[in-house]
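S.K.: From first to last, the protein sequence lines stand for chains A and B.
Counting from 1, one number per residue, gives the positions in the first sequence under the working numbering.
Counting from 1, one number per residue, gives the positions in the second sequence under the working numbering.
No lab work stands behind these hints: they were computed from the structure.
The beta carbon of each residue, even a glycine, is placed where N, CA and C say it ideally should be.
Possibly wrong hints are sitting among the right ones.
Stated by the list, open to error - Beyond 10 Å from chain A on every Cβ pair, some chain B residues (computed): (1) Gly573; (2) Gln585; (3) Pro601.
Claimed, not checked - In silico lysine-lysine, DSBU-like type, Cα no more than 30 Å apart, as pairs: (4) Lys317(A) <-> Lys569(B); (5) Lys306(B) <-> Lys280(B); (6) Lys584(B) <-> Lys317(A).
As the list claims (entries may be wrong) - So these bits of chain B aren't anywhere near chain A, every CB distance computed over 10 Å: (7) Val203; (8) Arg237; (9) Thr423; (10) Ala540; (11) Arg552; (12) Asp565; (13) Lys569; (14) Ser576.
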Amino acid sequence: MPSALPDGEPVPDDGALPAHALTGAADRPLGFYLHVPYCATRCGYCDFNTYTATELRGTGGVLASRDNYAETLIDEIRLARKVLGDDPRPVRTVFVGGGTPTLLAAGDLVRMLGAIRDEFGLADDAEVTTEANPESVDPAYLDTLRAGGFNRISFGMQSARQHVLRVLDRTHTPGRPERCVAEARAAGFEHINLDLIYGTPGESDDDWRASLDAAIGAGPDHVSAYALIVEEGTQLARRIRRGEVPMTDDDVHADRYLIAEETLSAAGFSWYEVSNWATSTAGRCLHNELYWRGADWWGAGPGAHSHVGGVRWWNVKHPGAYAAALAAGRSPGAGREVLAEEDRRVERILLEVRLREGVPLELLREEGLAASRRALGDGLLEGGPYEEGRAALTLRGRLLADAVVRDLVD
Amino acid sequence: MPAIPSHVPEPSRTDPALIRNFCIIAHIDHGKSTLADRMLQLTGVVEQRQMRAQYLDRMDIERERGITIKSQAVRLPWAPTHDAGNPHILNMIDTPGHVDFTYEVSRSLAACEGTILLVDAAQGIEAQTLANLYLAMENDLTIIPVLNKIDLPAAQPEKFAEELGNLVGCDPDDVLKVSAKTGLGVEALLDKVVAEIPAPVGVKDAPARAMIFDSVYDSYRGVVTYVRVVDGQLNKRERIRMMSTGATHELLEIGTNSPEMLGADGLGVGEVGYLITGVKDVRQSKVGDTITSLSKGATEPLGGYKDPKPMVFSGLYPLDGSDYPELRDALDKLQLNDAALVYEPETSAALGFGFRVGFLGLLHLDVIRERLEREFGLDLIATAPNVVYRVVMEDGTEHTVTNPSEFPEGKINEVYEPVVRATILAPSEFIGSIMELCQTRRGTLLGMDYLSEDRVEIRYTLPLAEIVFDFFDQLKSKTRGYASLDYEPTGEQTSSLVKVDILLHGDKVDAFSAITHRDQAYAYGVRLVAKLKELIPRQAFEVPVQAAIGSRVIARETIRAIRKDVLAKCYGGDISRKRKLLEKQKEGKKRMKMVGSVEVPQEAFIAVLSSDDGGGSAKSKK
């Protein structure tokens, strides 16, 4: 089962936003996240809102089908247009994620992007990304995407080791993601990311180094590296509870993170968010930066989250319920929260502290400032940026970011 | 059903020869309340209060208002079956029933000439009833053994009559068999009370002397004092004197319970009743004290009075520091009705502001703690119970230590600890394990007697400190629940005692300091240090956890510094969840106590202070 949605107040049927949400919108970039809730099989560690054909059978009928999914999602893009009214902003970033977006025909992805272009217009330098499964793309598919306007692609590589991929239930063979990078380059993609996971049960330090080396060797300009989170309710959590696979110790995660930082910096990557490295500023994922900097984005698709001017909402999770709402002309929003001033301050701290640039000290109150001075003394914050008025994490601080945040928000 | 006697003697004008004062000794669930109800009915007292339903309704209201509804002493008129024209007065006196309140029990018994020993015919005598039976025997009370619930299919009246006969020293055939539920045999029991229990004997013309056997705070009427008049007479509106303190009061009201309070002109020799003087605090009307008239009063009090002396101390701290005033108010209120409860403010570096509270024993501690939590809605941390130590320094100065963290530093000559005489009753198959337990608790065997073929009484001298840990739990588990324990303080002894301190990152945690025997100090230190290592989350820096006697470290563990505390992913859909998680963590952090620079979760304090092996409150001792 995918993870649960937060609690919140109901979303009005027409999806209308409180008036204040659009105040000052012109100064904020607008992005679109498009969720594709389908996977060929469910990976043991995954708690994302995604469904396999088997999981969908008999639950949503024709409405939940992926054959007409693009049309349904385009309905929501049109709803977005109505809700945002005469908001003049062109869309700065589009990110298609999942699930496995590349389970849809390339043409479907292109049509969804086209709907955004038609309704909102795309900024000249818009970043348009899709996630892709190394097994489900080929040069023709990539050419179609590139021609349709996609300029960034993110492959789920996870590991270069077969035994690690097996624990993760990933079906691709080692070597395939690296070839994908070459194919994407050939298709003309400007920016390419490889996602890696460390700390999988059974992975050694050397396995991890090998994965990093393989990823770097493929020549992407962006690498994301995530510690494996064992989410409640996943197959992997059950296997660990039953003792079939060992739980990875936090200290091992810390060691792997240090290896990642060392290896990636040696290869010319530099971190810009706790789990993200890029070879240049241009290589950073602008869409993700919208999340981290409190910009506006519309998340379309089942279970997708949106944020516009301090209002967060999230859609119903099931593809069937999602399609039914849109078919009936209703917003698929399941709930929302209107952030109070203090919520927004806390969110800014907890998000921006994860960025290389850090949090402006002016966001902190007296107790938080005192805590920041202690963190500085403890070697968790960088001295240089601190003097310039920003709390920016050191390498050790990055590993303890959540602990630092707990003190800074005081 | 016999006729209700028509010319019942009135209070203050009752011939002592017609009075029978008795109590009922019974194990919980053996039917004491049912028997009392039946007696109220048979003697017509029920009719006087008319509709039972109405009466119960009134009790509910009273209960809601927190008034004690227990009838401390009920006056029952009873004309014996063979002598219907000669109504007697039976005073049924309630007794508390636990080892902690032995003194109160002994005063209740001292107000009686006899007792009904009530035993469930399906279960036989329970070990805990024996302690009170022995107390009654020591008070030379006439014992009337009775088997109850003989209507139960599982009843074995013959077998248990034999057992009672052996205990009391009577013919098994003389053991009465009743069913309090159906009323069967209860009349015969009342007749037997008249026939066998001696009438009270006192000097009618002597100065008045009345013994207080209970004292209850009532929020409407102030303290209601229950007395048994021994000599002379107490009269309405008279001024009286408490002989232990010399305090004088006016008798605003005097009377008897049947079962409601009913005012009377006075109480004469041998009579039992209540009096109200307007005092607001039970400590001004102490159990065991003698009341006399202010003018021409007695000069010699009745024997047996003792000031209640706390034996066990524990620090009580509100989990939420802002509840401190509520805790103080709650203790003040409980003290109105509990003369044995003593407390004074105390500050702990680890736990904040609280009180050091003295109790009669472990049950008393548990009862008070539970009432504070239930009735007053307080969440408390209680430190491990400890006893009172007397420390004599080399320079001759002396310290009384009620809190281990106040154990003096410097050159100590002798340390004295209280000891008790413990009596353990158990099936003989457990002798070995009981003796083993007592030996490890520094006990000295005093003697052992077989009560019957398979039941044994074992007597030990034990340090009280060894009992206030988990002794009772251990005893119960080693005897599959069969053993019972009774103890009485017998004085003090010198012992080789040391204070073990626990240090976190070099800072002493006062709440974990303990006084132990030198031979047990190391084990205590190792255990606590290991436990804390488990319970305290890893901090941003390495935290040594040490146990030390003075400056000598006897055990050490290290909590490694935390290296990773960050969620890997934080994208659009994670933000709400993450903010809420942070809010939750902040709440959790508020519940952390700072010890120096170390954050210790309250759960760690609770776990260490309440666990058996950390030495903690004996929750299960009921």
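S.K.: Over 10 Å to the closest beta carbon of chain A is the bar; see if Pro601(B) clears it.
M.R.: 14 Å, holds
S.K.: According to the definition I'm using, a residue is off the interface if its beta carbon is farther than 10 Å from all beta carbons of the partner; does Arg552(B) meet that for chain A?
M.R.: 31 Å, holds
S.K.: Would the non-interface assignment of Gln585(B) survive a Cβ cutoff of 10 Å against chain A?
M.R.: The assertion about Gln585(B) is violated, with a minimum of 6 Å to chain A.
S.K.: Is Gly573(B) truly not at the interface, in the sense that its beta carbon sits beyond 10 Å from all beta carbons of chain A?
M.R.: At about 4 Å from chain A, Gly573(B) fails to clear the 10 Å cut-off, so the statement is violated.
S.K.: Take a quick look at Ala540(B) and tell me if its Cβ sits farther than 10 Å from every Cβ on chain A, holds or violated.
M.R.: 6 Å, violated
S.K.: Beyond 10 Å from every chain A Cβ: check whether that's true for Arg237(B).
M.R.: Nearest chain A Cβ is 66 Å from Arg237(B), so the label holds.
S.K.: Decide if the proposed pair is consistent with the structure: Lys584(B) and Lys317(A), CA atoms, cutoff 30 Å inclusive.
M.R.: Measuring from Cα to Cα gives roughly 25 Å; hence the hint holds.
S.K.: Just to be careful, I want the Cα atoms of Lys317(A) and Lys569(B) compared with a cutoff of 30 Å; is the pair within it?
M.R.: 20 Å, holds
S.K.: Looking at Asp565(B) again, its CB stays over 10 Å from all of chain A?
M.R.: 4 Å, violated
S.K.: Please settle this one: Ser576(B) was flagged as non-interface, so is its CB more than 10 Å from every CB on chain A?
M.R.: 5 Å, violated
S.K.: Would Thr423(B) pass as off the interface with chain A, using Cβ distances and a cut of 10 Å?
M.R.: It holds; Thr423(B) is separated from chain A by about 50 Å at its closest Cβ, greater than 10 Å.
S.K.: Take the C-alpha atoms of Lys306(B) and Lys280(B), compute the straight-line distance between them, and say whether it is at most 30 Å.
M.R.: 21 Å, holds
Hint compliance for this structure: hints 1, 2, 10, 12, 13, 14 are not met, and every other hint is.
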